[in-house]
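There are 2 protein chains.
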Amino acid sequence: MRIAVDAMGSDYAPEQIVLGAIEAAREYCCEILLVGDQEEIEKILHKNDIRGLNIRVQHASEVIEMHEHPGAAVRKKKDASVVVATKLVKDRECAAVISAGSTGAGVAAALFGLGRIKGIDRPTIATPIPNINGATVLLDSGANVDSKPRHLVQSAIMGSLYAEYVLGIKNPRVGLLNIGEEETKGNEQALATYPLLKQLKTIHFIGNAEGRDIPRGTVDVVVCDGFVGNVVLKFSEGLAGAMLQLLKDTIKSSGLLTKLASLMVLPALKTLKKKIDYAEYGGAPLLGVDGCFIICHGSSKAKAIKNAIRVAIEFTDNKVVEHIRENIAKEGLLTNDSE
Amino acid sequence: MRIAVDAMGSDYAPEQIVLGAIEAAREYCCEILLVGDQEEIEKILHKNDIRGLNIRVQHASEVIEMHEHPGAAVRKKKDASVVVATKLVKDRECAAVISAGSTGAGVAAALFGLGRIKGIDRPTIATPIPNINGATVLLDSGANVDSKPRHLVQSAIMGSLYAEYVLGIKNPRVGLLNIGEEETKGNEQALATYPLLKQLKTIHFIGNAEGRDIPRGTVDVVVCDGFVGNVVLKFSEGLAGAMLQLLKDTIKSSGLLTKLASLMVLPALKTLKKKIDYAEYGGAPLLGVDGCFIICHGSSKAKAIKNAIRVAIEFTDNKVVEHIRENIAKEGLLTNDSE
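Protein sequence lines, in the order shown, are assigned to chains P and W.
Under my numbering, the final residue of the first sequence carries the number 401; numbering is consecutive throughout.
Under my numbering, the final residue of the second sequence carries the number 401; numbering is consecutive throughout.
Chain P extracted, bound-state conformation (with noise of 0.2 Å):
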């Protein structure tokens, strides 16, 4: 399987996505198309034992910056980086793109470039959140806002099956994120969106969710708008980074004993980061596009961009976008939107 991998625009572009690459096309013994300015990345290459790995340049020429207008930039740089591996895709030279550069940039590249799935009106971004047994699919992380009931729905269906197909979750549970368990708590999205989710065949809707059932991994995928999932997402970066910080000031602070006691502990301690670290997850793909497009964290290093083309592989070996389709048929929701 050739992997397009977005080699610009990200904190610790080229160097951490080209190092990020190599170790998957040794581990994974897949293909990589790395995109963007050549002789950087050839620099990086050069540097690195890439004896017997199948991986190979495409040269582009531009950049979309993180402060660009995700549109319009896309729409001009044509020879932008994303643009680019994108592309690969469409033509089907490669089977999936990886990309830690803009997320707009991303979300607005993929959409013009693969287009949606029929009945999907908006592609949204399902970011595993881990919990105290592996991990929560939150989706829509960030890239819609104000977002509709029916694209709620429509999310429900495509975070579901990508929780079966590549986390491995027989039959995942879905909830609405909401502020009560009850059926007639919400905002009038959440109570308009209930009745349409209960009505689902495909998935296996447990009612509301509140914010607490996330970490507790009561749930196994949560859906909201992009404002609401962005929001916790970020907030759930700080808090574990934080709480972690205030362990070691704590220990730090405390005497002799502990001290030396805490020395001792580290290995437990680094085991919990492992566990709540995103980069252990890699990327999360934009569901609703046709096509594979997995988008990674802008300070990604080389584990998560790995990790990120692991995910593309399971995503693309499973089918996730054939069983989009399907299930999007079966609900009888093929009819797009107007907007």
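It should be emphasised that the hints constitute simulated quantities derived from the structure, not laboratory data.
Don't take every hint at face value.
Said to hold, decoys possible - Below, computed lysine-lysine pairings styled on DSSO-like, alpha-carbon distance capped at 27 Å: (1) 140/P with 247/W; (2) 336/P with 310/W; (3) 310/P with 310/W; (4) 210/P with 247/W; (5) 336/W with 336/P; (6) 140/W with 210/P; (7) 247/P with 232/W; (8) 138/P with 210/W; (9) 152/P with 310/P; (10) 247/P with 336/W; (11) 247/P with 310/W; (12) 310/P with 210/W; (13) 152/P with 180/P.
Unchecked claim - Some chain W residues well away from chain P (every beta-carbon gap over 12 Å; in silico): (14) 73; (15) 109; (16) 112; (17) 123; (18) 140; (19) 195; (20) 232; (21) 252; (22) 272; (23) 306; (24) 336; (25) 352; (26) 375; (27) 382; (28) 394.
As the list claims (entries may be wrong) - To list a few chain W residues with every Cβ distance to chain P over 10 Å, as calculated: (29) 104; (30) 105; (31) 230; (32) 388.
The beta carbon of each residue, even a glycine, is placed where N, CA and C say it ideally should be.
For this one, chain P is given, so just place chain W on it according to the hints.
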């Protein structure tokens, strides 16, 4: 100062409520009026040493249960503990009221019983969320969903005063919870609210705050609607608990050496737990009603109740309601909307 304490309607009522009130009467030398089932409350009082303390009981024959419709229940049950306790403040028999019963019922009782401060359309719940340096005030954390921009503006003014006069934060940094730093980011609500907040003279508005800014403590007051706030609050409770659980499990499952060490690290863990423990903050004021109404978590134990009474005393001593009245007038926002 005399405080009315709703002794009924929460998970550990009336016992833990009464015990918390006894501790507060001792520690803060305040007068306590316990409102609820006289017989039950007196039974608990008799089991404790309350000599020299100023604690009385006011009988109320009804309780509003968690599942009842708040507005209807408050209107119907005139002798419900939370209604009677609120009336004591309205009649100036007490300076403040504390309740750990149904949040919705508390909000309804306060609205009907105390009324709103002129210029405030909707009262909001201001909850301190522990961060790396202290706490960030999150509001609204659940009184209203589908808020309008003007409601967020009122929240910002009130939250800033609460942070200053109760949490002791000088010139608190106020942020609008959003999905990006730039003024152009966000949903319709956020985009409409930003320019209104920018115009305010009585707060120190620092622009948009993202989810991660709350635990990192880079903002002191964060404004959002009650749907988003409630999701974040509950997620934060769940995540903090899950992380401590994970750490304990990880230590448990590692070798003997680490197990021994973990016993020695226990004091550090306890300190950490205390830092992130909501009970330390006690309660969240309902800002915008014409009086002091402190809402406690439904599963509050004695410590949380005691601390909530401390918050009520500080809130009243520091004249937060008067400051809100002043600043709403200074901003020229005295006209209520028509709802």
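Status of the hints after comparison with the structure:
1. 140/P with 247/W: Distance ~25 Å between residue 140/P and residue 247/W Cα, so the pair holds.
2. 336/P with 310/W: 15 Å, holds
3. 310/P with 310/W: It holds: about 15 Å lies between the C-alpha atoms, which stays within 27 Å.
4. 210/P with 247/W: At roughly 19 Å apart (the allowed maximum being 27 Å), residue 247/W and residue 210/P satisfy the hint.
5. 336/W with 336/P: The hint holds at about 24 Å.
6. 140/W with 210/P: Not OK: residue 140/W and residue 210/P at ~40 Å, beyond 27 Å, violated.
7. 247/P with 232/W: 37 Å, violated
8. 138/P with 210/W: 36 Å, violated
9. 152/P with 310/P: 48 Å, violated
10. 247/P with 336/W: 32 Å, violated
11. 247/P with 310/W: With Cα atoms ~35 Å apart, residue 247/P and residue 310/W exceed 27 Å; violated.
12. 310/P with 210/W: 41 Å, violated
13. 152/P with 180/P: 16 Å, holds
14. 73: 15 Å, holds
15. 109: Correct as stated: the minimum Cβ-Cβ distance to chain P is 34 Å, above 12 Å.
16. 112: 36 Å, holds
17. 123: 27 Å, holds
18. 140: It holds; residue 140/W is separated from chain P by about 25 Å at its closest Cβ, greater than 12 Å.
19. 195: 10 Å, violated
20. 232: 23 Å, holds
21. 252: 8 Å, violated
22. 272: 5 Å, violated
23. 306: 8 Å, violated
24. 336: 10 Å, violated
25. 352: Given a closest Cβ separation of 26 Å, the condition holds.
26. 375: 28 Å, holds
27. 382: 26 Å, holds
28. 394: About 29 Å separates residue 394/W from the closest Cβ of chain P, which puts it past 12 Å; holds.
29. 104: Answer for residue 104/W: holds, closest chain P Cβ roughly 34 Å.
30. 105: 33 Å, holds
31. 230: At roughly 21 Å from the nearest Cβ of chain P, residue 230/W sits farther out than 10 Å, so the non-interface label holds.
32. 388: 32 Å, holds
Checked against the numbered hints above, the structure violates hints 6, 7, 8, 9, 10, 11, 12, 19, 21, 22, 23, 24; every other hint is satisfied.
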